[in-house]
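In the order they appear, the protein sequences are chains X and Z.
Read in order, the letters of the first sequence correspond to residues 15 to 313 in my numbering.
Read in order, the letters of the second sequence correspond to residues 817 to 1226 in my numbering.
A portion of the hints provided could be inaccurate.
Computed cross-link-like contacts, DSBU-like style, restricted to lysine-lysine with a CA-CA straight-line distance of at most 30 angstroms [unchecked claim]:
(1) X:26 / Z:1222
(2) Z:1222 / X:41
(3) Z:899 / X:26
(4) X:31 / Z:853
(5) X:40 / Z:970
(6) X:20 / Z:899
(7) Z:899 / X:180
(8) X:31 / Z:966
(9) X:180 / X:139
Hints are computed from structural coordinates only; laboratory data are not their basis.
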Amino acid sequence: MNFLQKFDIKGKISLLKEFFYDYVWKKSLLNLGIASIVFSLGYIQFTTPQFYISATLRESQASTAQGPSFGGGAKALLSVTSSESNISDEFKSNLFSYAIAQRMWEKGWATQIYAGGDESKDINKIDKSHTISDRISSFLLGYELYDYYSPHDLQGFIAGKVSMDKRFNATNITVSMRAADQSFALNFLNDLILDADKYAKEYLILKSQAIIDGTQKQLVVSRNSAIAASLAATINGEYLKIATLENDMPYHIYFIDPPYSSEYPVYPDTFAIFLSNLIIFIVSSIMFHFIRDNKNNLW
Amino acid sequence: MVNRFFEHHDYGGSLEYYIFELANYSFLVLLISIFYKLRFININSFIVWSGIFFLPLLFNYFIFSPFLYPDQFQYAIEVMSLKTYGISTWNIAAQEATFPIVENLLSISTHPITFTVSLLGLAPIPNYMTVTSLAFANKFFLFFSFLALKNFFKNENILLLFFLIPSFLLYTSISLRETLVILFGIFFLLNMLRDNYLVSLALIFPLLIIKIQLFAFFAVYFIGRLIFRAHKNFYALIIYSSCILLTGFIFEEMILQVVNYYRIGFAAEDMDMGNGIYGYYAFALYGDAESLTLHSMFELILVAIIGLPKILLMPLPNTWTNIFYPIQFLESIFLVSLYSWIAVKNNLLRNQEFIYLSFVLVLSLMLYSLLAFNEGTFVRYRFSLFLPFIFAIYYLANLNQADSSKNKIK
C-alpha cells in the first residue's frame, strides 16, 4: 500500500466537503459574520485613535575653545561643553522635572490638557476630577483631595505620556509621545524639548552669576596678588560662559527630526479588530453546530 | 525619518488583548475540529487539545504577569517588527548576527531571538498583536508535532498524557523558545533511535542557534552513536567515555576557562544584595570569583557529581519564592520517577541503547549542575533537556515491547 492509498486522500476530501457543508455553508454563519462587522463598528466607535509623535535629537558636539588663551577662563569654557556622557542624563532629568512642568504650566498648557482649551479659565482654578474609589478612600481614611490641578499633575502627565530613548552607544535621542490630537502633541513636544534645553542654559547662567558675585567679594578683600589673579581669571571665565550661553542656539541638543506625527494612528488597529471579531463569531457558530452534532461522542 | 524602527503598542490585559488572542484560539480550535473530522485525532485528543490551546489565554495577565518571564516581550516585539517592516528591532539589528548562505542574496539570522521568531512566525495564526500571540504559534507547532509523534507511538492516549506534564504546558503557553528547543530535541532523539542520521543532523542544526548547549549535548550523543557505536556495545561506550575524558584533559585549560566564565557569569547574574544592588554590579562589589573558579578537571568532575542531585530535583524547598516552585519540585520528582519506572517496567536497564541515552543525559545534567545558580532559568533548561530523553526512552520501551511480542510469537 503506497502513501496516498494509506492516506486515503479521496476519503479525506469527501470528509472535508462534509465538514464544509455541515458547519460552514450555513445561513447562521453569514448572519454571525454580519453581526461581527456590526460589533466591530460599534467597538471602534468607543476607541480614540492615537498617533505616534516623535522627534529625533542629537547631542550637541563639544566645540573647541578658540581665541586667546586666558588660563583658568579657557578651562572653565571647556567645562561648559565637555562631559557629553552626562548630556542625555541631564536633558532627561530636566525633561521630566517639576521646574519644566511649572514653565509649561505657566505657558498655558494646563488649559489645553485639563480645561479643553478654554482660555477664559484661570489655570490655577481648573477643577480636578476624582474617581469614586478615590473619593471613598479619602472619606474613609480622612484625607483631603486636591480641588484643582497643579504643575505636579502636569509633571505626572509628562512622565506618563512622554518617553525618551537613547540607544546604547548612539548619540541620537528619540523623544516621543502618543496622542489623539496631532497638532496639540506636535506643539507640546516641541515646546517641551526647547524648554528643557533652555532651562539647562538658564541654570548655568545663574550659577555663573552667583560665582561671579562671590568671587568679586573675595577679590575686594584679597591682598595676595597670586590669589587675586586666580580670582580674576575665574571671573573672566564665568563671564565668558555667560556670553557663550546667552543666545538662542540649543545647548544640550539640536533637532535632527523635528516633532513629526505618524500618518495613521498606531492605535487602534481597525483591520485586526474586524478580522479577530469575524474569526471569533464565525468559529463560535461552527463550534456550536459541531459540538451539537458530536455531543454523544464528547460526553 | 531617522527613527524608522518598529513602535510597539502594548495592549496589556485590555479587552483588545483578549479579542486578538481569542481569535487565535478560535483558529486553533477550528483546526482541531477539522483534524477530528478527518480522523487524524480521536475524541480524547480533541477535548484535551481544546483545553491545551486555551492555556495561553489563562497564563499571561490572568494567572501571572507576563513580566514574570520578561523575555517574552523581546520575542513578541521582534516578531511584530519583522512582520511589519521586515527588519529586526534596533537592539537586535545592532548586533548584526547574520550568516550568508548565498552571497548578497540569502542569509539567515544567527540571533537566537530572530531565528526563533522567524520559525514561530510561520504559524498561520490570525494575529501577532500581543505578547501572547507567539504562545499560540507555539501551540500550533506543538499540535503538529503531536500528529507527527503519532507515527512513533501507537497509543494516542498515552502520548497525549505526555503533553499534560505541567512544565510542558507552562513553557508551551508562553512566548519563549522552549517549545522549539524541546520539539527539536524530541524529534532528534527519536530519529536517532530509528537510525535516521541525516534527518537528525538537520534537526540539531537549529539548536546551534537557539540553544547552543543542547546542540553540544546532542552532538556528543550523535558522534558516540554514529562513530563509536556506543549504543550497541558496552565496551564501545567505555572507549567513547575514555575519549571524552582524554579530550577533557588535553583541552583542560580551555574547558576550564569556558566553564568558569559561564559559572561566574550565571552566579553574578543571580546575585542580589538588596537595596537595588544586584546582578553584575553586586558581584563586582561583593562577589568572590575565586571561590567559584574551578582549577582542575578533577575538581570540575567532582563538583559536577556533587551538584547532580540538586539539578535533578531543583527547585529545592529552601529556594521556593512563588507558587510554581513547589509544583516544579514535585514535578522534578515525578519526572525522575517516570524515567526510572519506564526503564524498570520495560526491562531497559540492561538495554545498551538505554544505557547510552542515560549516559548522555547524566553527562549533560552534570555540566548544567556546574552552572545552576539561577533556579528559574535552570529548572527551564533542565526540563527542555530531560523531556526529549523521556520521549526517547518511552519510544525505546515501545520498541522493546514490540520485540518481545515478536519473540513470543516465534
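Verification of the supplied hints:
Taking the CA atoms of residue 26 (chain X) and residue 1222 (chain Z), the gap is near 33 angstroms; set against the 30 angstroms cutoff, the hint is violated. A hinted pair counts as satisfied when its Cα atoms are at most 30 angstroms apart, and residue 1222 (chain Z) with residue 41 (chain X) does not qualify at roughly 55 angstroms. For the hint pairing residue 899 (chain Z) with residue 26 (chain X), the CA-to-CA distance comes to about 33 angstroms; that exceeds 30 angstroms, so the pair is violated. Distance restraint check for residue 31 (chain X) and residue 853 (chain Z): the Cα-Cα separation of roughly 10 angstroms lies within the 30 angstroms cut-off, and the hinted pair is therefore satisfied.
About 37 angstroms separates the Cα atoms of residue 40 (chain X) and residue 970 (chain Z), which puts this hinted pair outside 30 angstroms; it is violated. For the given pair, residue 20 (chain X) sits about 38 angstroms from residue 899 (chain Z) by alpha-carbon distance, which is inconsistent with the 30 angstroms threshold. Pair hint residue 899 (chain Z) plus residue 180 (chain X) holds up; C-alpha atoms about 24 angstroms apart against a cutoff of 30 angstroms. Our distance criterion of 30 angstroms between C-alpha atoms is met by residue 31 (chain X) and residue 966 (chain Z), whose separation comes to about 25 angstroms.
The hinted pair formed by residue 180 (chain X) and residue 139 (chain X) fails the criterion: a straight-line CA distance of about 37 angstroms is larger than 30 angstroms.
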